[in-house]
Amino acid sequence: MVAVARYRWWLATMAGLALFLTIAGRVGALTPLQSALLWLVEPVGEGLHAIFAPAAAVLSDIGELRRLQEENRQLRLENERLKAQVAELRQDTTRLQELESALGVIPSGGGQRLLAANVLAHDVSVLTHTVLIDRGSADGIREGMVVLSPGGSLVGKVIRALPQQAFVRLIDDSRSVVAVRIQETGIDGSLHASADRQLEVKLARGEVAAGATVVTSGLGGEYPPGLPVGKVVEVSGTPQDMFRTVRVEPFAQLAAAQTLLVLTSFTPQALAGN
Amino acid sequence: MRAIAGAAGILLLAAGQGTVAPLFPVAGATAEFPLVAAALVGWLRGVRATLIFVPAAGALTAALAGRDLGLYVVGYAAVVPALAAASEYRWPMGRWMGAAAALAAAGAWFRLLLVGAAVLDGADIAAGDVLRHAIAPGALADATFFAGAAAVVALIRSLHRLPLRGARSREALRWP
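Chains A and B are the protein sequences, given in the same order. Quick note: the first sequence uses the numbering used here, first residue 1, plus one each step. Quick note: the second sequence uses the numbering used here, first residue 1, plus one each step.
Treat the hints as calculated values from the structure; they're not laboratory data. Treat the hints with care, as some may be off.
With beta-carbon atoms standing in for the labels, derived distance ranges [claimed, not checked]:
#1 A:Ala209 to B:Leu120: 49 to 59 Å
#2 A:Ala12 to B:Leu120: 48 to 58 Å
#3 A:Gly221 to B:Gly94: 55 to 65 Å
#4 A:Glu234 to B:Ala3: 28 to 38 Å
#5 A:Trp9 to B:Glu88: 12 to 22 Å
#6 B:His160 to A:Glu234: 46 to 56 Å
Glycine residues also receive a C-beta, built at the ideal position from the N, C-alpha and C atoms.
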């Protein structure tokens, strides 16, 4: 241990430096420096991603060829089903509009304002998953705003907004908690991520089956109600169990997210209070 | 000139941690490129060469990931005493084994710190899952990239020493 003792002074310096950096970070003294660094590194990161992403895609595809073929077949079937459903829904919407107009009902304005953002980097550390996007407070992004995938399903929320960039905590981050509802049965629960970033819904009671759709419930005011989150893939335990494990597969591709939409028209309760 | 190259290298590593590392997960975990690089530097150039590299890489990586800079500096700093301790032993397959062991120890310390920080921030994890889902996959990811980089270094070294047919002198074999 003689060699280790030789670096005692260095370790003490590092402890002091770490303390200084932590305090400076907490009081926001490092924010301008961080913004400048992110601006400087943005093109480097994009270049690195452009170089390595094709290689990663090839490696990933080789290992999962069989699974991808099966998934492709399933998706084709699902696509067909969904097309039929869309046609049915279009018909229903037209009929609803006709009925509303006949009864003189004024429909509520459900227009969402969304701001598209590119993902600059992923931070996939232990228990955590955050992404850096290229929109910040200068674009109207505020902490707490809800972030969606291009398909409109829930991805996460903004946890820190810098002038030109913002950090988004994804729903598979273990620190995220989302109030959700099983769409088919109306049972409420809360969505958490396990240590291996699998999504799980904690339900205190009620029936749920694999294949059910999970949407946000809107309880707590952090997320608007009805945002699609994912599909139940596995339910373990019996209805008599105090808590059952309900595994959920997110609709959004969280690990491969490249473009995100920030929902600027919804004000979370935490923001509305400010 | 060497300082500029070093700074550029650290910047690339920190940028790569957010953009390249997540593209190549191993057992579901992401390797810590700066830690792997620190172990490589320690192996090839000695422990002293990592003294500036480690805090700079830690602070820069944390800044780009939006994390606590102090946490990363303390987390990465463990690789220095680990490399120093490893240097005291004679390893069966050479010094690179010592660097790999130091990387495993430092990686475990760093990930334990991250788990602690996440738990303080509201994450829920069972004690048994820390090893299974945090430390073991991370160590495997680090080891995979370290082994890959060590293999490349060994290949370059062997090519460097290999007398090529037709080469006039040893100087001609040097890499540009």
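(message) Hints numbered earlier in the text: which of these fail when held up against the supplied structure?
(response) When the structure is compared with the hints, numbers 1, 2, 4 turn out to be violated.
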